[in-house]
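S.K.: From first to last, the protein sequence lines are chains D and L. By the numbering used here, the letter at position 138 of the first sequence is numbered 144, and the numbering carries on one by one without gaps. By the numbering used here, the letter at position 269 of the second sequence is numbered 1205, and the numbering carries on one by one without gaps.
Check before you lean on any hint, since a few could be wrong.
With a straight-line cut-off of 27 Å between C-alpha atoms, the simulated DSS-like cross-links for lysine-lysine are [stated by the list, open to error]: (1) D/K266 / D/K13; (2) D/K154 / L/K1188; (3) D/K8 / D/K29; (4) D/K154 / L/K988; (5) L/K1106 / D/K29; (6) L/K1225 / D/K282; (7) D/K296 / L/K1248; (8) D/K29 / L/K1070; (9) D/K34 / L/K1106; (10) L/K1225 / D/K296; (11) L/K1248 / D/K289; (12) D/K282 / L/K1248; (13) D/K266 / L/K988.
Not close to chain D: a few residues of chain L, all C-beta gaps over 12 Å, as computed [said to hold, decoys possible]: (14) L1038; (15) H1169; (16) R1217; (17) E1237.
These aren't lab readings, by the way, just hints derived from the structure by calculation. Source: prediction; values computed, not measured. Glycine included, C-beta positions come from ideal geometry on N, C-alpha and C.
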Amino acid sequence: MKETFIKTEELSFSYQAQTENEKIPAVKNLSVEITSGEYVAILGHNGSGKSTFAKLLNLILEPVSGKLFVDGKERTGELTEAELLELRRSVGMVFQNPDNQLVATLVEEDVAFGPENLGYPREELRTRVDEALATVGMTEYKDYEPHKLSGGQKQRVAIAGVLAMKPRCIIFDESTAMLDPSGRQEVLSTIRRLNREEGITIINITHYMNEAAEADRILVINDGELLLDGTPDEVFSKRDLLLSVGLEVPQSAELVFRLKEAGIDLPTDALSSPEKCAEAIAKAYFAQCKGGRGNG
Amino acid sequence: MDKIRLENVTYRYDVGTPFEQTALEDVTLSIEAGKITGIIGHTGSGKSTMMKLLNGLDSPTEGKVYLDGACINATKKEWLAQGLEDEKYKDLPKNAKKKAILKDYADFHKNLCFRVGLVMQYPEYQLFEETVAKDIAFGPRNMGLSEEEIAKRVKEAAAFTGVSEDLFEKSPFDLSGGQKRRVALSGVIAMRPEVLVLDEPAAGLDPRGRNNVFESIVDYRNKTGSTIVIVSHSMEDMAKYCDRVVVMNHAKVAMVGERKEVFAHVRELAGMGLDIPEITRLAELLLAKGLPLTDAIYTVEEAREALLAVWKGGGDK
């Protein structure tokens, strides 16, 4: 019953090389459908085209060919200024470097930057900023100067800035890559909450396998093409394929595969969390103990 | 043997202003020669400040930093006073003695940044030359080496990090993120530093890129015997690649020791805002389920060996 929110049909993009007069294809005929309210992670090695793909979804980059549909409306071809704004408003983006995204001198001014530019009245602006800051848990920092915040806090302010536009979908382009473990956790739990409580569609581009494991669905992009599309359990069951494209599976899953290679019979169809892996290993362990002493 | 030693080092930012902050407080620490030492700690724990003190890029507010026993932050006066006591100069006539000591002082400081190579976070942002080869050659050229030697160093450094010679004439800006990182790392390795200090060398890289970068660092250490210092948040990488670990917490050294000793306190580390490797959490889950695991487990390989060991004996119980 959930409707499709983003749909791409054979979307392609090429970059211009700096030194040579050639085009480097980055995204090749990619067709994907993302449902409203879904939490999708995108994996791929550096240069696989995953960030490029994400930037095509709100037309930060313009596709060379193919079609993009957002919320049922085609967004490729000639767009009016208003249509483009509408798209950017509904599909927001949070980038990697927390220091490159904050523009104002105070946190709340920064959050207000987007809606202010859209010309909302003062009261509406106030409500939006307050709500956005509350959602990311940064209300008490509204009068702070952004540069005094930690990396995780800066990213939460950047998220609030996107939230103040009331988006339907937020794309995180390696937004935790430059953060320390506690900063990463802050951002990840914010993402989780936005998805579960606010129903916002999430697209999280990441290099962390255990981060991808949190999503409902993982897309693996390789050389600009869609290599895998499935639940974390399905995707992490294809360890050798992931290794062959420069990726890996989370440590717990890797252990299960190595034990299997050492001759231990273990299932590999549900390895997306340490808990599931522990379950599988313990079950196999006690099954082999059983022979001698009845119930293990 | 100590390659680098910090003695009672304190570092304060913005001294005398209302923003005064202590980044390092009375830190005494030895970095062992030829070892890979990991420095871990939450953001603001003082680890990046410490890094900048290791090659004299910055000086401590109080205390001393030594490289091979020579004080990096000694003033000319202190250096001279110590030199006059030194056996090394004792046969020289008085005038020549002073000259020799001051010349050594100047040379020491000139060479410091070549001897202790610093690789900052996201070093690829500092690439600037027209070609990959020129970028890697920048350091050796500043050392005043001959063209022949420079070319040799560039090749050698590129081999360490896996930068293909086919890329030498390309613009560094046309490379992928992982390749750029390797070029930037090569630029420092080309100076053949005795100490290589790296801040989050694998941040932002995909899994293969991470492994490649760490493996080139280990390879450089194994082939040259250099001392390596890695600052990182990644407990999984630290567990895999470091010989020794220093844990920084609130401007102080909270723990220091062999990798195993430090990781044995994994719960305390978590209390300091650090991550527990996923494999360690898995081992704890297995233990809770009743599997007879005893050895502390911090890497996938350790987990595999521990499980295979109990598996064989499992049937006899």
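S.K.: All hints are to be evaluated individually against the structure, with a verdict given for each.
M.R.: Outcome of the hint check:
With a CA separation close to 39 Å, the supplied pair D/K266 and D/K13 exceeds the 27 Å bound. Between D/K154 and L/K1188, the direct Cα distance comes to roughly 22 Å. Compliance with the 27 Å bound is thereby established for this hinted pair. Taken as a hint, the D/K8 and D/K29 pair is broken in the structure, with Cα atoms around 38 Å apart against an allowance of 27 Å. Taking the CA atoms of D/K154 and L/K988, the gap is near 21 Å; set against the 27 Å cutoff, the hint holds.
Proposed proximity of L/K1106 and D/K29 is supported: the alpha carbons are some 15 Å apart, at most 27 Å. A threshold of 27 Å between alpha carbons decides the hint, and for L/K1225 with D/K282 the separation of about 12 Å falls inside it, so the pair holds. For the hint linking D/K296 to L/K1248, the alpha-carbon distance of about 13 Å falls within 27 Å, and the restraint holds. A C-alpha spacing of about 25 Å is found between D/K29 and L/K1070, which places the hinted pair at or below 27 Å, so the restraint holds.
Proposed proximity of D/K34 and L/K1106 is supported: the alpha carbons are some 24 Å apart, at most 27 Å. As the CA atoms of L/K1225 and D/K296 are separated by approximately 15 Å, the hinted pair is consistent with the 27 Å bound. For the hint pairing L/K1248 with D/K289, the CA-to-CA distance comes to about 16 Å; that is within 27 Å, so the pair holds. A threshold of 27 Å between alpha carbons decides the hint, and for D/K282 with L/K1248 the separation of about 23 Å falls inside it, so the pair holds.
For the hint linking D/K266 to L/K988, the alpha-carbon distance of about 46 Å lies beyond 27 Å, and the restraint is violated. In this structure L/L1038 is separated from chain D by more than 12 Å, as the shortest Cβ-Cβ distance comes to about 42 Å. The beta carbon of L/H1169 is not kept farther than 12 Å from every beta carbon of chain D, the shortest such distance being approximately 5 Å. With a least CB separation of 5 Å from chain D, L/R1217 falls inside the 12 Å interface cut-off, contrary to its annotation.
At roughly 8 Å from the closest C-beta of chain D, the C-beta of L/E1237 falls inside 12 Å, breaking its exclusion from the interface.
Violation of the numbered hints given earlier is confined to hints 1, 3, 13, 15, 16, 17; the remaining hints are satisfied by the structure.
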